[in-house]
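**Q** Each chain is listed here by its residues.
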Amino acid sequence: MKKALLILVLVGLIALTGFSATKIQFWHAMGGWRIDMLNEMAQDFMKLNPDIVVDVQYTGSYDETLNKLVAGIQAGTAPHVIQNFEIATQKMIDGEIAVVMQDLIDKDPTFDVGKFLPQVLNYYRVNGKLYCMPFNSSNPVMFYNKTLFEKAGLDPNKPPRTFSELYEYAKKLTVKDAAGNIIQSGITWNLNSWFFEEFMAVQNAPFVDNDNGRTGRATKAVFNRPEGLVFFKLWNDLTQNGYMLNTKAVDWTAARQMFLAQKVGMLITSTSDVALFTDSEANGFVTGAAFLPKPDNSPAGGVVIGGGALWIIGGHSKAETDAAWKFVKFLAEEEQQIVWHLGTGYFPVDKNSLENLINSGFYAENPNLLTSIFQLLLSVQTYNTNGAVIGAFPEIRNIIQNYVEKMLNKELTPEKALELAEIDSTKAIREYNELF
Amino acid sequence: MFKRKLFHNAYGKTLPYLLLIPTFAVIILFIYWPAVSSFRMSLYKVSPFGNKTIYTGLSNFENLFKNPDYEKSAWFTLFYVSFTVIATIFLSFILALLLNQKVPGSRFYRTLIFSPYAVSPAISGTLWSFLLNPVVGHVNYFFMKAFNVQVLWLTTKPYALYALLFSSIWKALPFSIIFYIAALQNVSDELLESATIEGAGTLRKIWKIQFPLVSPITFYLVIMNIISSMFQSFAIIDVMTKGGPGGYTTTMMYRLFLDAFAYQKTGPASAQSVVMFLLMAGVTIVYFLFGERKVHYA
Chain A
1 MKKALLILVL VGLIALTGFS ATKIQFWHAM GGWRIDMLNE MAQDFMKLNP
51 DIVVDVQYTG SYDETLNKLV AGIQAGTAPH VIQNFEIATQ KMIDGEIAVV
101 MQDLIDKDPT FDVGKFLPQV LNYYRVNGKL YCMPFNSSNP VMFYNKTLFE
151 KAGLDPNKPP RTFSELYEYA KKLTVKDAAG NIIQSGITWN LNSWFFEEFM
201 AVQNAPFVDN DNGRTGRATK AVFNRPEGLV FFKLWNDLTQ NGYMLNTKAV
251 DWTAARQMFL AQKVGMLITS TSDVALFTDS EANGFVTGAA FLPKPDNSPA
301 GGVVIGGGAL WIIGGHSKAE TDAAWKFVKF LAEEEQQIVW HLGTGYFPVD
351 KNSLENLINS GFYAENPNLL TSIFQLLLSV QTYNTNGAVI GAFPEIRNII
401 QNYVEKMLNK ELTPEKALEL AEIDSTKAIR EYNELF
Chain F
1 MFKRKLFHNA YGKTLPYLLL IPTFAVIILF IYWPAVSSFR MSLYKVSPFG
51 NKTIYTGLSN FENLFKNPDY EKSAWFTLFY VSFTVIATIF LSFILALLLN
101 QKVPGSRFYR TLIFSPYAVS PAISGTLWSF LLNPVVGHVN YFFMKAFNVQ
151 VLWLTTKPYA LYALLFSSIW KALPFSIIFY IAALQNVSDE LLESATIEGA
201 GTLRKIWKIQ FPLVSPITFY LVIMNIISSM FQSFAIIDVM TKGGPGGYTT
251 TMMYRLFLDA FAYQKTGPAS AQSVVMFLLM AGVTIVYFLF GERKVHYA
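Chains as they are written, first to last, in this note's numbering: chain A, 1 to 436; chain F, 1 to 298.
Here chain A stands alone, though its shape is the one from the complex (with noise of 0.2 Å):
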């Protein structure tokens, strides 16, 4: 009688667990609270359908995620949805390895994907194609304290649009003591290379050939121009006049300690870091937000979105890419959305959780917010603003930033780094394409 029980007992596990419910496996690079968010959105999504089950796993940075999934599709074991960032998508892409998102989107009368924000498709679409599906999008956003505006004299409700107004606002936030020590400093932003994109396309200047890579596989860099120039120069000169701290490579913490500090008056970062300095006014300080300066008789541009998608890893059987894609479709609905931008700092893709926000009064309570949306709508688009598709992107990151370091220790003139960076990168984008 007891083993006939146990039996049963088993046999309706087995049931439960193997046969009635779809499990798919969810990888994803969000670290710190937002691994307990991830995991939430996931239960609520089994709560909706009980007949399938997310495995949620962080997996790590972006690097490492991409990693995983290399030795996972080589080893079969790859999951069934990954996130990963923007820069990845032209390798994804050449790797033929995800379902295209366009292809089940095509499938599914239910799905409008007209909701997305215009930037975010215009991103992720590639040759007319959605390959993934938006979900994390931010952008960078300049924060200033206006604490220490007052302080250095300056309006805390005008914060500089142009360089040669972020120059002069940078001089008057630093303080040096007499042995020429800088006590505080005018700016900051981690030296990334993602800056230096963005700062091409505030200008709708071009990174690579070929429409950025859109009209056709990018075959050379193409931003040694003035517009890069520009810039590169703007960064130089305010670092070697104490203007600008700058941090070791891609240190997102260090800005942030530094603006937090108070020992920069001016940070210019993700959008997605918005929550802590909204925190930090407690800290006895107020924050404001605008737009990235633009230099002073450019043309209208915009910013690039950066951040991350969801993919869908083909190879895998029909069930669990219908529940892969069932799920991929929740974490994109407005309610997740409103949820993920609010702890986060990552803005809703969609424009039902904009149009909801913004009637309950939410934007009205969180200025910077508004401020950090709106920079990315009023965006001109154009394949500049739209950001680059390079398969060799993470290594021309590493190459422009290695330049930048050089021009920053005086190694290399503006000129001679920013000519370097640009022949590096187009052997890099060369090396890569004989693959493809």
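In case anyone wonders, no lab produced these hints; they're calculated from the structure.
All of these numbers come straight from a predicted model, not from anything done at the bench.
One should not assume that every hint holds.
[As the list claims (entries may be wrong)] Here are a few chain F residues that face chain A, going by a calculated C-beta distance under 8 Å:
#1 Q150
#2 T155
#3 K242
The C-beta atom is built at its ideal place from N, Cα and C for all residues, glycine as well.
Dock chain F against chain A, hints included.
**A** Coordinates of chain F only, in the frame set by chain A:
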């Protein structure tokens, strides 16, 4: 009877091999097989997800040797490894001598000095990054108060190198100290006593008796430290300087890491690992041939 003996003999001969199978399986699976496949992969160009593969012969190696940045990173590695190894050996011997004194509290100090060993390279890199932060770090606070100078430790030449060397040595010391203390405790007191009676001074005793007597340990530690500063240093570099400024602190290992895991360039990365393998094999062979002659085994 005869049969049984035969069986016994065969069994006795095969048993050791049977027992070795698990070890060999692990070694082959995790060391030899990957090593062989990285030799093979160094002759190919592979797309990030492995869907395109081109046989390129030795061109991965050619590109490597033609690349001035690779040459720079090789010289930097040579400097970094020799400096950290020599400094670590020297300092750890001195510290071990001090810790070997029978002074009250020396056990407590020993524990304190060992503690960096328990910290992972990535964490120690993070700790030093915090301490060396130009604006909010403790080291610069001290420098400002004491000398009124401000140093950008991690982002300027040559300070990034100093910071890296300092923290690498700090991290490597405890391992060597443990070994030296153990070795020094084996040096017989009678030998030292008789030397004292003969009129030998402290320095003379250290360099003529203690140092030669621990030479097998020195020999071992040199090899171990070369290996760890050559291969395990990448975590500290990745956390502290990212190989910067401008590629200044990029070692061969860090470059390999970037090519393999940041750019997914498997072919060139494998070529680099082959180069490093050959280099390391060369160093070990030379060291065993010439170094071992100078070692005194008591």
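**Q** Now, for every hint given, state plainly whether the structure supports it.
**A** Each hint tested on the structure:
Because the beta carbon of Q150 of chain F sits about 4 Å from the nearest beta carbon in chain A, less than 8 Å, this interface hint is met. Of the supplied interface hints, the one on T155 of chain F holds, with its beta-carbon coming within about 5 Å of a beta-carbon of chain A, less than 8 Å. Against a cut-off of 8 Å between C-beta atoms, the interface hint on K242 of chain F holds, since the closest Cβ of chain A lies about 4 Å away.
Checked against the numbered hints above, the structure violates none of them.
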